[in-house]
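Colleague: Listed below, chain by chain, are the residues.
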Amino acid sequence: MRQERILLSHGSGGKLSYQLIHEIFLKAFHNEFLSPLNDQAIFNLPTSRLAFTTDSYVVNPIFFPGGNIGKLSVCGTINDLAVGGAEPLYLSASFIIEEGILIEELRMVVDSMAQTANHAKVKIITGDTKVVERGKGDKLFINTSGIGIVKDGIHLSPLLIRPGDVILVSGHLGDHGIAIMCHREGIQMESPVQSDCAALHELVQDVISRSHGIRAMRDPTRGGLATTLNELAASSGCGMIIKEEDIPIKEEVKGACEILGFDPLYLANEGKLIAIVSKDSAGTVLEAMRKNPLGKDASIIGTVVGEPRGKVLLETSIGNRRILDMLSGEQLPRIC
Amino acid sequence: MKYIDEFRQREAAQGILKKIYALSGKKVNIMEICGTHTHAISKYGIRNSLPSHIRLISGPGCPVCVTSAGDINRIIEFCKREKNTIVATFGDMMRVPGTESSLQEQKAMGKDIRVVYSPLGALDIALANPGKEIILYAVGFETTVPTVAATILLAKEKGIQNFSAFTLHKLTPPAMKALLDSGELDLHGFLCPGHVTAIIGANAYKFLAEEYQAPCVVAGFEPLDAIHGLYMLIKQLKEDRVEIEIQYKRVVTWEGNTRAQRILEQVFEICDSNWRGIGKIPMSGLRLKNEFADFDAEKKFVIEAGIDEEPQGCACGDVLKGLLTPNQCPLFGKICTPESPVGPCMVSFEGTCAAYYTYGISQPILTG
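In order, the protein sequences belong to chains R and F. Per my numbering, the first sequence runs over residues 1 to 336. Per my numbering, the second sequence runs over residues 337 to 704.
Hint data in this document are derived by calculation from the structure and do not stem from the laboratory. Treat the numbers as computed from the prediction; the structure is a model and nothing was measured. Among the hints, erroneous ones may be present.
Claimed, not checked - Calculated cross-link-like contacts (lysine-lysine; reagent style PhoX-like; alpha-carbon spacing at most 20 Å): (1) F:Lys571 to F:Lys419; (2) R:Lys123 to R:Lys136; (3) R:Lys254 to F:Lys379; (4) F:Lys513 to F:Lys542; (5) F:Lys670 to R:Lys136; (6) F:Lys419 to F:Lys447; (7) F:Lys468 to F:Lys585; (8) R:Lys243 to F:Lys379; (9) F:Lys571 to F:Lys362; (10) R:Lys136 to R:Lys151; (11) F:Lys355 to R:Lys136; (12) F:Lys625 to F:Lys585; (13) R:Lys311 to F:Lys513; (14) F:Lys636 to R:Lys311; (15) R:Lys15 to R:Lys136; (16) F:Lys355 to F:Lys625; (17) F:Lys636 to F:Lys494; (18) R:Lys121 to R:Lys151.
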């Protein structure tokens with residue numbers, strides 16, 4: 001059976017564009033704000049502080065174990081809102097589609113976005129579609145922007161971090177990076193790793209509702225734990241010490257890293273949370289995290305210190321301390 | 337048995353370090369030949385856990401670092417000149433600067449350069465692109481060569497005509513001999529590379545003990561392996577023994593991997609080779625035998641001799657020979673960083689300068 005593909009004319013603004021928008025996007029994202037297909041969505045917001053974010057998703061391959069670019073584009077933007085303490089409400093979704101991609105593949109991505117958004121109780125209320133010539137894109141790029149509300153009394157910022165605070169992660173690190181890498185390169189593991197791609201806003205709300213001691217939160221995506229902690233250390237002007245043996249990393253991720261020459265502390269995550277909390281709140285926050293399925297493997301991995309300012313130190317498994325720097329460039333597979 | 341955590345145990349590591357301290361004696365200089373050892377030693381803070389009289393010197397054992405600027409210039413010139421060609425390379429070669437450019441920069445300018453995880457990956461690209469010529473940029477020590485040899489045998493068996501390799505392989509023992517012959521270093525022993533020795537066998541170092549009175553210990557790359565290997569070497573020195581010992585017994589034998597050796601010998605022959613920062617070392621390289629000329633990129637295409645100029649001010653040559661530590665280079669950490677590397681030792685994660693820069697100066701927190 002002949003499979004329908006995206007043609008340049010799907011982006012021309014004519015009949016094919018109309019069909020694409022109705023049969024793929026509206027069918028999946030249908031809601032009262034989007035369906036009129038105005039040039040803008042007009043909506044009410046509760047009187048409160050707003051959070052607004054945008055991100056673009058260019059992952060290759062677009063389908064991977066544990067998710068696809070669509071799920072990623074919804075979860076990623078929800079998470080960017082959530083780690084600021086915001087409850088996500090509305091998303092925009094813009095698609096840059098390469099000529100030739102199968103319409104069925106696009107449909108699967110869009111359905112997955114709709115499912116993820118519905119599950120997260122957020123609405124995709126505006127969007128855009130462009131089609132570029134074959135070779136000018138990489139199958140599919142998605143940009144999503146998101147708006148959320150931050151309730152009164154919630155204020156998270158690296159500037160609130162103080163020496164003595166405790167560093168927590170919500171679960172195993174590096175799953176997404178290794179899942180993508182192994183799938184992209186056709187590397188077969190005995191226990192294949194699934195991406196951890198997930199929306200974290202409920203986990204964040206669980207934690208925030210139980211404790212006032214949370215200083216700052218981040219989702220350690222590109223650059224991984226090491227880069228995110230360095231950013232937090234630099235913004236806060238504090239130092240951080242983490243213990244290698246307390247950092248949760250699955251055996252299969254460790255194994256794949258050994259083979260490929262990667263460091264799991266620099267691998268991307270798409271469903272993990274780093275929280276810096278006051279020492280007194282650490283137990284409560286850990287308990288709250290562990291009660292949520294997305295935080296069941298949460299762990300305390302280190303503490304905030306006064307010196308060295310702006311630096312992260314790693315206490316190695318054999319009992320030394322060394323600098324844990326940001327990622328330089330990209331991790332590349334080694335020769336031997 | 338999970339095979340990773342067992343070799344990273346704090347109590348065991350601290351126990352061996354205490355034994356090393358108990359052997360404390362005269363000043364000794366030990367060279368870790370292999371870049372993976374340099375990396376592990378830096379990553380786990382081993383260098384600074386040792387007593388001050390034990391100095392670890394990093395040797396020329398990073399395949400990326402010892403590829404000459406001229407050879408990098410040659411493949412870059414080839415990329416610029418030839419159309420319809422795909423260059424397949426191992427990841428960490430991408431960023432190594434030649435005199436004026438790197439493969440990464442060439443890729444950004446539109447040249448078709450692809451990272452492969454194994455030589456077979458390059459063969460897959462050849463099969464998927466029958467209208468293009470695929471050149472595998474094949475660097476590496478004895479560890480990598482058998483897989484390249486096996487790939488070339490497979491290409492021959494399958495009659496694949498659009499695949500060839502630009503081979504710049506190097507051999508470890510001749511480089512160790514050259515360093516000792518130079519008389520520039522006051523070396524007391526070698527920590528020998530586990531993976532290379534898994535192929536060539538520990539017997540390959542016997543001449544070092546017999547002719548140069550240099551003790552050797554072949555060690556693995558986990559922190560406990562490296563610490564244990566150093567302990568064995570320091571014990572030898574303390575007891576005035578000169579022997580070849582194997583710490584990495586779970587992988588390394590005296591004879592090595594004879595099957596890999598046979599494949600290697602079937603496809604390659606020994607030749608002189610130019611090492612970055614060191615110069616020509618006799619009988620230290622491998623080239624394809626004449627019967628595999630169809631798969632030899634240098635015979636199949638014209639890859640002209642490139643200019644072999646090191647970047648100005650770069651001291652990688654002296655770092656590779658162990659004459660300088662990275663922080664003694666005036667460019668280190670200032671002009672030359674992992675984000676903007678001037679010389680090859682800052683590029684590869686196995687490079688000495690990159691290891692020193694990335695992991696900084698570690699602090700022993702339990703030993704002393």
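Colleague: Does each hint fit the structure? Answer for all of them.
Modeller: Going through the hints against the structure:
no.: 1; hint: F:Lys571 to F:Lys419; verdict: violated (58 Å)
no.: 2; hint: R:Lys123 to R:Lys136; verdict: violated (30 Å)
no.: 3; hint: R:Lys254 to F:Lys379; verdict: holds (15 Å)
no.: 4; hint: F:Lys513 to F:Lys542; verdict: holds (12 Å)
no.: 5; hint: F:Lys670 to R:Lys136; verdict: violated (38 Å)
no.: 6; hint: F:Lys419 to F:Lys447; verdict: holds (9 Å)
no.: 7; hint: F:Lys468 to F:Lys585; verdict: violated (45 Å)
no.: 8; hint: R:Lys243 to F:Lys379; verdict: holds (14 Å)
no.: 9; hint: F:Lys571 to F:Lys362; verdict: holds (12 Å)
no.: 10; hint: R:Lys136 to R:Lys151; verdict: violated (43 Å)
no.: 11; hint: F:Lys355 to R:Lys136; verdict: violated (61 Å)
no.: 12; hint: F:Lys625 to F:Lys585; verdict: violated (33 Å)
no.: 13; hint: R:Lys311 to F:Lys513; verdict: violated (42 Å)
no.: 14; hint: F:Lys636 to R:Lys311; verdict: violated (52 Å)
no.: 15; hint: R:Lys15 to R:Lys136; verdict: violated (23 Å)
no.: 16; hint: F:Lys355 to F:Lys625; verdict: violated (49 Å)
no.: 17; hint: F:Lys636 to F:Lys494; verdict: holds (18 Å)
no.: 18; hint: R:Lys121 to R:Lys151; verdict: holds (17 Å)
Checked against the numbered hints given earlier, this structure breaks hints 1, 2, 5, 7, 10, 11, 12, 13, 14, 15 and 16; the rest are met.
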